[in-house]
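Protein chains in written order, with our numbering: chain A, 26 to 372; chain B, 26 to 372; chain C, 26 to 372; chain D, 26 to 372.
One should not assume that every hint holds.
Identical copies look the same in the list; a pair holds intra-copy or inter-copy alike.
In silico DSSO-like links for lysine-lysine, alpha-carbon gap of 27 Å or less [said to hold, decoys possible]:
no., residue 1, residue 2
1, K102, K122
2, K102, K71
3, K362, K103
4, K193, K122
5, K71, K346
6, K193, K339
7, K339, K122
8, K103, K27
9, K103, K339
By construction, these hints were calculated from the structure, which means they are not laboratory data.
Protein chains: 4
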Amino acid sequence: MKALVFGGPGRRSWDTADDPSIIDPTDVIVQIDTTTICGTDLHILKGDVPAVTDGRILGHEAVGTIVETGAAVSSLKKGDRVLVPAITSCGRCAHCKVGMAAHCQGAGGIGWIFGHLINGLQAEYARVPFAETSVHLVPDDVSDEQVLFLSDILPTGYEIGVQKGGVKPGDTIAVVGAGPVGLAAMMTASIAGAARIIAVDLAPSRLRHARSFGATHTVAGGDAAREEILALTDGYGVDVAMEAVGVPATFDLCTQVVRPGGTVANIGVHGAPTTLHLEELWIKNITITTGLVSGSTVPTLLALAREGRIEAEKLGTHHFKLDQIEQAYDVFGAADKHDALKVVITA
Amino acid sequence: MKALVFGGPGRRSWDTADDPSIIDPTDVIVQIDTTTICGTDLHILKGDVPAVTDGRILGHEAVGTIVETGAAVSSLKKGDRVLVPAITSCGRCAHCKVGMAAHCQGAGGIGWIFGHLINGLQAEYARVPFAETSVHLVPDDVSDEQVLFLSDILPTGYEIGVQKGGVKPGDTIAVVGAGPVGLAAMMTASIAGAARIIAVDLAPSRLRHARSFGATHTVAGGDAAREEILALTDGYGVDVAMEAVGVPATFDLCTQVVRPGGTVANIGVHGAPTTLHLEELWIKNITITTGLVSGSTVPTLLALAREGRIEAEKLGTHHFKLDQIEQAYDVFGAADKHDALKVVITA
Amino acid sequence: MKALVFGGPGRRSWDTADDPSIIDPTDVIVQIDTTTICGTDLHILKGDVPAVTDGRILGHEAVGTIVETGAAVSSLKKGDRVLVPAITSCGRCAHCKVGMAAHCQGAGGIGWIFGHLINGLQAEYARVPFAETSVHLVPDDVSDEQVLFLSDILPTGYEIGVQKGGVKPGDTIAVVGAGPVGLAAMMTASIAGAARIIAVDLAPSRLRHARSFGATHTVAGGDAAREEILALTDGYGVDVAMEAVGVPATFDLCTQVVRPGGTVANIGVHGAPTTLHLEELWIKNITITTGLVSGSTVPTLLALAREGRIEAEKLGTHHFKLDQIEQAYDVFGAADKHDALKVVITA
Amino acid sequence: MKALVFGGPGRRSWDTADDPSIIDPTDVIVQIDTTTICGTDLHILKGDVPAVTDGRILGHEAVGTIVETGAAVSSLKKGDRVLVPAITSCGRCAHCKVGMAAHCQGAGGIGWIFGHLINGLQAEYARVPFAETSVHLVPDDVSDEQVLFLSDILPTGYEIGVQKGGVKPGDTIAVVGAGPVGLAAMMTASIAGAARIIAVDLAPSRLRHARSFGATHTVAGGDAAREEILALTDGYGVDVAMEAVGVPATFDLCTQVVRPGGTVANIGVHGAPTTLHLEELWIKNITITTGLVSGSTVPTLLALAREGRIEAEKLGTHHFKLDQIEQAYDVFGAADKHDALKVVITA
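Could you put the whole structure together from the sequences, leaning on the hints where they help?
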């Protein structure tokens with residue numbers, strides 16, 4: 026088959042690779058129908074994720090069709106159309122039993138294995154371990170594109186931003202960073218009943234996108250953002266501040282605009298330590314959360330997508346065929362230039 | 026002043042009454058700007074609520090303007106425009122401290138006192154006890170009509186239907202009874218993220234209203250309702266079934282269509298006992314809730330109304346001036362004939 | 026092998042039976058080291074559970090040692106000492122994923138299959154389906170007897186009484202019925218921080234047991250119980266009332282002694298409908314719950330047993346060898362006469 | 026009257042002061058029967074709390090008897106014995122209504138006003154504002170000493186350590202710092218059902234105290250603590266790590282020993298910023314909380330103290346009369362030397 030193969034820092038190619046085959050009786054083989062590229066894939070290509078070795082097939086988001094099932098698989102069958110989530114779940118470890126597959130012990134302590142510890146989903150076919158406890162059947166009345174982003178980015182925004190943030194009906198929230206994951210957080214915060222959603226970003230184009238993902242107010246990033254957010258809340262602060270960039274300055278901003286008793290939810294991937302002003306925050310009754318998505322909310326998001334209450338497909342701004350995936354990488358790698366959010370890649 | 030005075034079963038009149046005055050230092054006097062009529066007022070007129078004695082001014086929902094404040098009132102002042110909720114809260118009893126003013130011990134064990142144990146709000150002026158812990162300031166940018174129904178029916182639907190029902194994003198719910206309180210439950214269930222809202226009623230006109238309050242599906246009440254609701258959920262049952270009628274048949278229906286692990290939330294006012302099939306339900310892991318509104322969610326609903334996320338004013342189908350209140354009673358008392366939901370009565 | 030075989034209503038025998046063998050790749054075979062008898066087994070023998078057919082091996086609670094594993098089993102191995110819970114969990118259905126194995130869809134909608142839909146655990150060996158998502162490794166430093174009752178009765182009291190009841194630190198609760206499951210509820214309510222535990226039973230001997238399982242007050246069942254419980258709470262009512270008998274009179278008592286805002290948790294198995302006084306309860310803001318155990322709290326209870334914070338072994342009042350199991354049935358079937366709570370049966 | 030008066034950094038005296046009198050109609054005057062000294066009082070004496078001005082009477086924990094009531098006070102009367110909590114609550118602001126009196130807006134945004142913004146409780150008499158929404162009636166069957174520490178330190182340990190930490194039955198927790206507030210956290214974590222409580226401190230004498238407050242394991246503070254705590258949990262980490270010292274090193278330790286999905290609850294008062302290793306923690310699904318006590322759990326703790334389930338009086342290691350309060354300060358100020366936890370000062 027053909028697949029997008031990592032060749033060490035800076036090197037990727039749409040190349041011939043071995044067809045995957047069943048290894049464990051709980052595996053299935055999936056023919057990939059639709060896939061996409063994640064910001065994490067770009068990090069891998071920069072060499073930032075040393076666990077990814079040369080020759081690894083990348084990708085951890087896809088919709089596909091089952092073509093083979095392992096001996097222990099009884100609830101899935103050949104021909105089933107499934108969403109393959111970024112995070113696999115063994116279903117039997119202490120973490121999976123409470124919906125925290127992000128730290129699946131059956132997968133060695135981290136549920137993200139596709140395109141990381143095993144071959145990924147940017148390929149014609151892929152082996153999916155722990156299939157019955159990982160994949161989700163896709164109803165006939167929803168398209169691949171409606172559910173593709175439920176592999177990773179929608180549940181990331183919802184679980185790590187909205188649920189950990191504890192967003193409730195009537196809340197005022199700020200989402201700092203209006204990239205794809207920030208937009209996913211806005212879209213799902215709206216579902217959770219937020220009354221006001223303040224989007225914060227440096228790029229006007231992203232703030233424009235934010236409006237169509239549920240933002241009710243927009244604030245330009247930078248030195249004045251703090252004052253502007255506080256002004257929107259009569260100086261009181263927001264119920265939930267979500268950090269969706271991954272740098273110390275935006276984390277700091279979040280701690281400064283959250284109200285007493287509020288929550289700072291970190292969605293961004295951080296590469297460096299930050300300063301935590303406990304000398305000010307100890308008395309403020311705030312909560313700070315971090316997290317990697319588990320995918321526990323995919324059934325919820327599927328139900329909402331099916332009824333049209335979330336339109337996840339709006340994240341897909343650019344479309345490619347699977348054999349154009351290198352072009353897709355070029356566009357996604359220069360997202361700002363192309364005003365791209367996510368790419369949709371179909372077989 | 027003039028007021029709507031109860032004269033014993035079947036008798037009401039727009040009559041002269043004594044002006045209210047401050048009794049306790051925590052009281053305020055409010056000039057009533059906008060008020061409405063509740064189904065409970067009709068029950069009182071039928072003689073169903075013996076605690077209401079002859080001469081009592083009726084009404085427990087209003088928006089008004091403060092004209093006088095008691096000596097202990099420091100956070101409210103003359104001229105403040107306030108929402109007076111159906112339930113007053115002493116703010117210091119064990120129940121009020123946890124947001125359950127429905128059972129306010131400072132008010133004798135029941136928070137509903139207006140038009141019940143003391144004079145009510147269908148009048149030119151009214152005394153409001155426990156003012157600082159009961160009323161809500163109305164922001165300038167919302168109209169009386171946008172918040173009037175936050176006195177009682179919206180928080181009833183939200184607290185007793187949606188919150189007690191535990192509605193979560195993605196849920197499928199059934200609301201049995203599409204009268205005003207059922208519609209309020211639908212509107213707020215949508216805010217809480219319900220994916221599918223199945224409205225059930227005998228009257229086609231009410232099912233038509235249901236659609237505009239967020240129902241995604243409608244089912245005609247009657248013998249076939251059970252099968253139809255189950256069919257909509259592939260035989261599985263709904264996450265939350267709300268009873269918004271108040272009779273045994275609809276309660277039974279709710280227990281039959283709720284899924285294992287689901288909740289039956291009783292919003293309706295029941296006048297008779299019912300049979301509970303514990304021989305079937307004991308194993309089903311269900312939860313059944315009951316309740317009188319406390320008003321703890323009024324700030325939340327105000328925030329949502331202010332942003333236009335709920336349009337509570339849609340409940341107001343008929344409009345009257347205060348001195349036409351007897352006409353308003355006639356229309357509201359024959360609501361089905363007039364296709365009326367709630368009336369809006371302005372000074 | 027030998028096993029306790031059901032021979033139709035009223036007939037049971039310690040008899041020869043086929044050795045179990047692996048059917049599905051997710052099965053294991055367990056050699057039974059310690060088992061017990063449940064009140065449900067007595068119901069089966071009375072013919073109350075038609076799904077149990079002649080020839081079925083009974084029993085659904087055991088500690089044993091794995092002697093064989095299916096091809097898909099990777100996290101358990103021969104020689105592992107495991108607690109086999111009453112409820113098996115497929116781990117992949119919607120119910121199992123949220124900890125509600127009671128309604129496991131992989132097992133056909135009910136997680137209780139041992140000694141019911143498949144052969145049970147009162148035998149020398151047993152086949153355990155869905156092993157990796159069902160059984161629990163037993164640490165070396167706890168005895169069989171310390172964990173045996175974590176198969177069913179302890180988690181039933183904890184999940185269906187304490188968790189569904191919402192018992193919080195400082196609560197006053199009443200447990201109506203001081204049989205084994207009522208005692209399990211008292212023991213675990215104490216762990217959850219209940220300040221006062223009022224045990225209610227007709228039998229003085231059971232009230233004596235109640236004291237050693239955490240009851241702080243005891244009340245004789247009968248006509249005066251209601252007044253006595255209310256008197257203990259200054260007329261206010263209890264935070265949580267648990268029904269652990271299974272008849273209408275005790276359910277009624279629970280609804281009469283629960284405080285506004287409190288919960289009635291049904292633990293008892295009900296065989297008949299009851300009257301629900303919604304005409305009184307609709308306004309009372311109460312919650313009524315029902316349920317079959319799922320076993321989701323077994324890891325929690327294991328952790329507590331291991332530290333000596335719960336002494337589940339106190340439920341084991343009478344001891345037998347496996348080949349004396351018919352005697353054990355005689356004693357357990359006349360529990361009151363023998364002042365028996367639960368029997369312990371060892372290989 | 027006589028009172029302990031702050032005279033600027035380093036200066037305090039048991040001095041003559043004006044008798045307090047009713048200012049607002051919601052005030053009461055309390056004769057102080059029993060009081061104590063807080064670590065915060067020592068900070069004030071060091072000059073660390075600039076808001077405290079010369080002449081201020083210190084102290085914010087007491088049990089006393091009401092001697093006068095304001096005009097609006099109806100549920101309290103002369104002669105009532107009350108616990109005066111550290112935090113007053115206006116009962117009507119948005120924060121007080123949800124139990125977060127720590128940030129009472131009626132008191133200017135901070136609920137701690139005694140011995141800080143107004144005169145305190147280390148005196149013969151004190152004015153108590155917002156009395157009906159702040160003080161708690163003390164039942165006759167409990168002594169002053171049993172409830173004195175419910176003013177501040179017990180609810181601090183419980184609300185900021187146990188509740189914000191989310192301690193559940195069966196949890197393993199670490200409490201870093203076994204001073205009075207750490208001990209309060211251990212005592213209340215035990216009530217919340219923690220299975221294992223690991224106390225960490227540099228001082229062997231404190232670890233000895235820890236055992237009597239519910240610690241099941243003790244670990245000497247210092248470089249090896251991390252490894253030792255991890256070893257106690259098979260390398261996995263604790264469910265909840267509580268920081269009860271207030272310095273960067275112990276905060277760091279907490280983030281290193283908390284398990285994926287666990288919580289770091291900051292109870293300590295921090296005087297300096299710390300480094301937050303988001304580059305490691307972003308993926309760990311952890312929660313970090315901070316907070317000042319609100320006192321919302323005082324009724325719960327009172328119920329538990331009354332039943333003997335918590336023995337808060339064990340914190341009182343040294344006893345003085347009110348006119349010996351300067352001696353009490355000397356002992357408490359050199360707590361380690363005297364092996365003192367808290368002092369009890371009676372009129």
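Each hint, compared with the structure:
Taking the closest pair of Cα atoms, K102 and K122 come within 27 Å of each other both inside a single copy (24 Å) and across two copies (20 Å). In the homo-oligomer, the alpha carbons of K102 and K71 never lie at most 27 Å apart, since the shortest distance is 38 Å inside one protomer and 42 Å across protomers. In this assembly of identical chains, the alpha carbons of K362 and K103 never lie at most 27 Å apart, being 41 Å within a copy and 57 Å across copies at closest. With identical chains, the CA atoms of K193 and K122 are at most 27 Å apart both within one copy (25 Å) and between copies (17 Å).
Within a single copy, K71 and K346 get their C-alpha atoms as close as 24 Å, which meets the 27 Å cut-off; across copies the closest is 66 Å, which misses it. Taking identical chains as interchangeable, the C-alpha atoms of K193 and K339 lie at most 27 Å apart whether they share a chain (24 Å) or sit on different chains (23 Å). Taking the shortest Cα distances, K339 and K122 never come within 27 Å of each other, neither inside one copy (32 Å) nor across copies (29 Å). In this homomeric assembly, K103 and K27 come within 27 Å of each other (Cα to Cα) only inside a single copy, at 21 Å, whereas the closest approach across copies is 42 Å.
Taking CA atoms no more than 27 Å apart as the test, K103 paired with K339 passes in neither setting, with 30 Å inside one copy and 50 Å between copies.
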